[in-house]
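S.K.: Based on these hints, arrange chain S on the given structure of chain P.
Number of protein chains: 2
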Amino acid sequence: MATANSVTATPVDWAAILAAHDRIRPHIHRTPVLTSKSLDALAGARLYFKCENLQKTGSFKIRGATNAIFSLTEEEARRGVIAHSSGNHGAAVACAARWRGTTASIVMPRNASPVKCRAVESYGGKITFCEPTVTSRSETTARVQAETGAVMIHPYDNDRIIAGQSTAAKELLEEIPDLDVVLAPVSGGGLLSGTCLGAKGIKQAVKVFGCEPERADDAYRSITSGTLQSLETSDTIADGLRASLAPRTFAVLQKLLDGILLVSEAEIVAAMKLLAQRMKIVVEPSSAVALAPMLRAGGLQEIAMAGQHHPATRKIGIILSGGNVDLKW
Amino acid sequence: MATANSVTATPVDWAAILAAHDRIRPHIHRTPVLTSKSLDALAGARLYFKCENLQKTGSFKIRGATNAIFSLTEEEARRGVIAHSSGNHGAAVACAARWRGTTASIVMPRNASPVKCRAVESYGGKITFCEPTVTSRSETTARVQAETGAVMIHPYDNDRIIAGQSTAAKELLEEIPDLDVVLAPVSGGGLLSGTCLGAKGIKQAVKVFGCEPERADDAYRSITSGTLQSLETSDTIADGLRASLAPRTFAVLQKLLDGILLVSEAEIVAAMKLLAQRMKIVVEPSSAVALAPMLRAGGLQEIAMAGQHHPATRKIGIILSGGNVDLKW
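Chains as they are written, first to last, in numbering that gives the first Met the number 0: chain P, 0 to 328; chain S, 0 to 328.
No wet-lab data here; the hints were simulated from the structure. Errors might be hidden in some of the hints.
Copies of one chain are not kept apart here, so a pair can be met inside one copy or by any two copies together.
[Stated by the list, open to error] Each computed DSBU-like pair below joins lysine-lysine, with the alpha-carbon atoms no more than 35 Å apart:
| no. | residue 1 | residue 2 |
| --- | --- | --- |
| 1 | Lys202 | Lys314 |
| 2 | Lys125 | Lys314 |
| 3 | Lys125 | Lys36 |
| 4 | Lys36 | Lys272 |
| 5 | Lys314 | Lys272 |
| 6 | Lys314 | Lys36 |
| 7 | Lys202 | Lys254 |
| 8 | Lys202 | Lys125 |
| 9 | Lys314 | Lys254 |
| 10 | Lys272 | Lys202 |
| 11 | Lys327 | Lys254 |
| 12 | Lys125 | Lys254 |
| 13 | Lys327 | Lys202 |
The following block holds chain P by itself, in its conformation from the complex (with noise of 0.2 Å):
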C-alpha cells in the first residue's frame, strides 16, 4: 500500500483518504477505466478515462456523499441531512442518506431542470425549493436546518467529501500505476482537490491540472492571483461548474495543483460529441471539460510545458466526472 507523501500536510491525510475508501466501497461501483485507440491518435498521447459517469447516481458526487454521511455518529444521523443543489450533488446526498437509513432534505432553485428534481425523489429526497439566488438559497437553507436540525452536507467544503472524491484518483492510479498527468474539471474543487490528494498519494511525481470552462474561470484567476476570487459569470454549457472554490479546497489546491487548463464552449460541445461518438459513453458538458484540452492543436506540448516535463508527457488519466444530461431524443 502506498502512503501518502505530499498529502500528509493538509488536513485530508492519507489515513482520511484509505478510511473513507474502505468506508464507501461496499455501496459504489469501481467504475471501469476505458481507452480508445482513436482518441489516442487524435490526442498524440494515451488516454486513460476513470469513468465516474458509469457510477452510482450518474456521477462522482456519490463518493463523497456516502463518506460524509456514513461518517455520521448515530445521533447526528438521527437527524436527518440536507444539502443545496441543483444537480448531482443533491442527488448523492438522497441516495446515501437512503442506504444509511435517513432522511435528506435537499434544496433546489426552482428553475432545477426537471430531470434533476426527479432522480432526487427517486432516492427518496424530499425537495423544497428556493428562489434561483444565493442570497434565497442561503436563507431556504437555514429556515429548514432550523426546522428539522438536519446535519448540513456541504457539497465540496468539507474535509469527509474532499476524501470521498479523493477515491476517484486514488482508483485510477491503482489501476495505471505510472500515470505522467491526471486532468480533472474544477468547480468547487471538490473533486479537484481529491484528485490532487488521491493520485499524488499513489505516485507523488504525477501532476495534476484542472480544466475549467473560459466562461467560468475563477479557479483559474484563483490559482494565478493567489487571492480566492468569486466567479463573475456562469453561462457555460458545462452546468454543474457554476460553483466557485471555497477556503478549504482552494488550500489544497495552492499546495498541490499544478496548473489550470481552460476551454472555450465549441471545445467542450466537440469533446462531448466525440465520447459519444467513438466511445460509446454519454457525458455531461462539465465531464467534457476534463478532455477538452487534449483535443486542441499543442494540446499535449501546452500539458507538458505547463508540467516541465522531461521527458515527453506520454500517459494521461481523465476524470469523467458524470453523465447527468438531459438528451434530447
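M.R.: Coordinates of chain S only, in the frame set by chain P:
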C-alpha cells in the same frame, strides 16, 4: 477451467473456443459488465450488461474477425482477406487484417452510411462499392476475390467466426457464473450461436434466448418451423439485424437455443434511450433489441416460462452487441 458439456457435439467444440479466446485476447478489450439498480427495478430481475459497444471497432464483430484472420496460414494471410458488409463486420475485418499485417477488401453497397465507410477506411480497408442488391453484392465480391485471390471472411457462416463471437458470453459467464438466462440479438446468428456455445460451455443449465425485431423475424420462423426461412422484410431500425441465419448457425441454434423473443420497433427505441439515460452508454438499435423484452409488462415471466424455470429467473445477462450509431448531434 470449465469443460463444455453441451458443446462437444457441435463442430465448434470447447477446445476451439479456448483456442479462439487465447488467440484474440492480446488484441481485444475484455469489456466491462455493467449493472444498473434502476434498470433492475424496471425489469424485476438483476441485469448484467456485457458491453461490446465498448469493444474495439465498436462491436463484438472484432472477436470473430480477429479469430478468423489470425487463424489463416502465412500463405493465406499474404493473399489478403475480403468481406462484404454494410456495417460492423467490414470495420472489424479491416482492423483485424491491419493487426495481422495484411490487406482487406470490403465490398459495401453504394448506399452504405458514410460513417460506416469512413470506419472501414480508417482501419486501412479498401472499399469496393456494389449496388444495394444481393446479386450485385455476390457478383462484386466474386470478381474482387478472383482478381486478388483474397480469402473470404464470411460474417457468420464460418466456424472461426462463431468461435470468436462465443468469447463474449464466455467472459460474461466467467465473471457472473450464476446467471439464469443470457439474451443476445440475432441476425445471421454468429453472435447468438456463439453465445449458446460460450455460455453453456461454462454453465450447462443457463438458458439462452435470441432477441429479434418483429420486422426481421426470420430466425423466429426458422426455429419454430424447424426449416431455414428467409427474411421477407428488412425495414427495422435495427440495421445490424437484416441478415438471415445460415445453415451453420441454424444447426447450432436448433441444438442449443432455448427460444426467440420478438420485439417491436417502439420497444427497441425505448430500450436504446433508456440505456443512454440511465446507464450513460451509447448502443446501436441492434443492441437495444436484447434489453427490450425485459422492459415490457410480463417480460420476466415470459422468459421464465419459455425457459421452464423453477424457481424464478433472477439473474439475466444481456449482450450489448455494438455502439455504432449515427448520433444526430
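S.K.: Evaluate each hint against the coordinates.
M.R.: Comparing the hints with the structure gives:
In this assembly of identical chains, lysine 202 and lysine 314 lie within 35 Å of each other by CA distance solely inside one copy; the values are 13 Å within and 39 Å between copies. Taking the shortest Cα distances, lysine 125 and lysine 314 sit within 35 Å of each other only across copies (32 Å), while inside one copy they are farther apart (43 Å). Taking CA atoms no more than 35 Å apart as the test, lysine 125 paired with lysine 36 passes between copies only; the shortest distance there is 20 Å, against 44 Å inside one copy. Proximity of lysine 36 and lysine 272 under a CA criterion of 35 Å is satisfied in both settings, with 16 Å inside one chain copy and 26 Å between copies.
Both within a single protomer and between protomers do lysine 314 and lysine 272 lie at most 35 Å apart by alpha-carbon distance, with minima of 22 Å and 34 Å respectively. When the C-alpha separation of lysine 314 and lysine 36 is checked against a cutoff of 35 Å, the pair qualifies both within a copy, at 13 Å, and between copies, at 33 Å. Taking CA atoms no more than 35 Å apart as the test, lysine 202 paired with lysine 254 passes inside one copy only; the shortest distance there is 16 Å, against 54 Å between copies. In this assembly of identical chains, the alpha carbons of lysine 202 and lysine 125 never lie at most 35 Å apart, being 41 Å within a copy and 45 Å across copies at closest.
When the C-alpha separation of lysine 314 and lysine 254 is checked against a cutoff of 35 Å, the pair qualifies only within one copy, where the shortest distance is 23 Å, while the shortest distance between copies is 48 Å. Taking the shortest alpha-carbon separations for lysine 272 and lysine 202, only the intra-copy value of 32 Å comes in at or below 35 Å, while the best inter-copy value is 40 Å. Taking the shortest Cα distances, lysine 327 and lysine 254 never come within 35 Å of each other, neither inside one copy (41 Å) nor across copies (44 Å). Taking the closest pair of Cα atoms, lysine 125 and lysine 254 never come within 35 Å of each other, the shortest separation being 38 Å inside a single copy and 54 Å across copies.
For a Cα distance limit of 35 Å, the shortest separation of lysine 327 from lysine 202 qualifies neither inside one copy, at 41 Å, nor across copies, at 41 Å.
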